[in-house]
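Peer 1: Sequential numbering from 1 applies to the sequence shown in the UniProt record's numbering.
If you are wondering where the hints come from, they were derived from the structure by calculation, not from laboratory data. A quick note: this is a predicted structure, and the numbers were derived from the prediction, not measured. Any given hint could turn out to be false.
Derived SDA-like pairs: lysine to any residue, alpha-carbon spacing no greater than 25 Å straight-line [stated by the list, open to error]: (1) K19 - L8; (2) K34 - T75; (3) K55 - I71; (4) K19 - V44; (5) K22 - E66; (6) K22 - K55; (7) K22 - T50; (8) K55 - I23; (9) K22 - S68; (10) K22 - T72; (11) K34 - R54; (12) K19 - A29; (13) K55 - L6; (14) K34 - L6; (15) K22 - E7; (16) K52 - R76; (17) K34 - V48; (18) K55 - A73; (19) K34 - S2; (20) K34 - R76; (21) K19 - T72; (22) K34 - S68.
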Amino acid sequence: MSTAILELQPGDEFIELYKVLKIEGWVGAGGEAKMLIADGYVMVNHEVETRKRRKLVAGDNVIFGEESVMITASTRPASEAKIKAAKPADSESPKRKAAKPKGRPSIKF
């Protein structure tokens, strides 16, 4: 069994179980993840878990088939992550044209 590590984003206290399956690429969509969880195919901390939106925190271990992922807390401070996420307005983003106001369609009889 291979074990991967999923690091929570700075400022996030938890992640929902079905999202872990999507992030890890074990399923194609959230609906598929929710169905597999409800049918008992997913384990959390070596116990079958059927709550789709179970809040996973650092230290939880998710097992699906032969795959496993350990949830860990971010090592970066939240303030550092916000600074990196901010984009300069002038230099990197392309200039957008002003949106045209939408008028009423003309109806001809």
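Peer 1: A separate judgement is required for each hint: does it hold in the structure or not?
Peer 2: Hints, one by one, checked against the model:
1. K19 - L8: At roughly 12 Å apart (the allowed maximum being 25 Å), L8 and K19 satisfy the hint.
2. K34 - T75: Between K34 and T75 the Cα gap is close to 30 Å, so the pair fails against 25 Å, i.e. violated.
3. K55 - I71: Judged against 25 Å, a Cα distance of about 11 Å means the pair holds.
4. K19 - V44: holds, 14 Å
5. K22 - E66: holds, 16 Å
6. K22 - K55: holds, 15 Å
7. K22 - T50: Given pair K22, T50 holds - Cα atoms ~16 Å apart, limit 25 Å.
8. K55 - I23: Between K55 and I23 the Cα gap is close to 15 Å, so the pair holds against 25 Å.
9. K22 - S68: Holds. K22 to S68 sits at ~13 Å (cutoff 25 Å).
10. K22 - T72: holds, 17 Å
11. K34 - R54: Since the Cα atoms of K34 and R54 sit roughly 11 Å apart, the hinted pair holds (cutoff 25 Å).
12. K19 - A29: Answer holds: K19 to A29 is near 9 Å, not above 25 Å.
13. K55 - L6: holds, 14 Å
14. K34 - L6: holds, 19 Å
15. K22 - E7: holds, 14 Å
16. K52 - R76: Cα-Cα ~28 Å, so violated.
17. K34 - V48: holds, 14 Å
18. K55 - A73: holds, 14 Å
19. K34 - S2: Measuring from Cα to Cα gives roughly 23 Å; hence the hint holds.
20. K34 - R76: violated, 31 Å
21. K19 - T72: holds, 15 Å
22. K34 - S68: holds, 17 Å
Hints 2, 16 and 20 from the list above are not met by this structure, while the remaining hints are.
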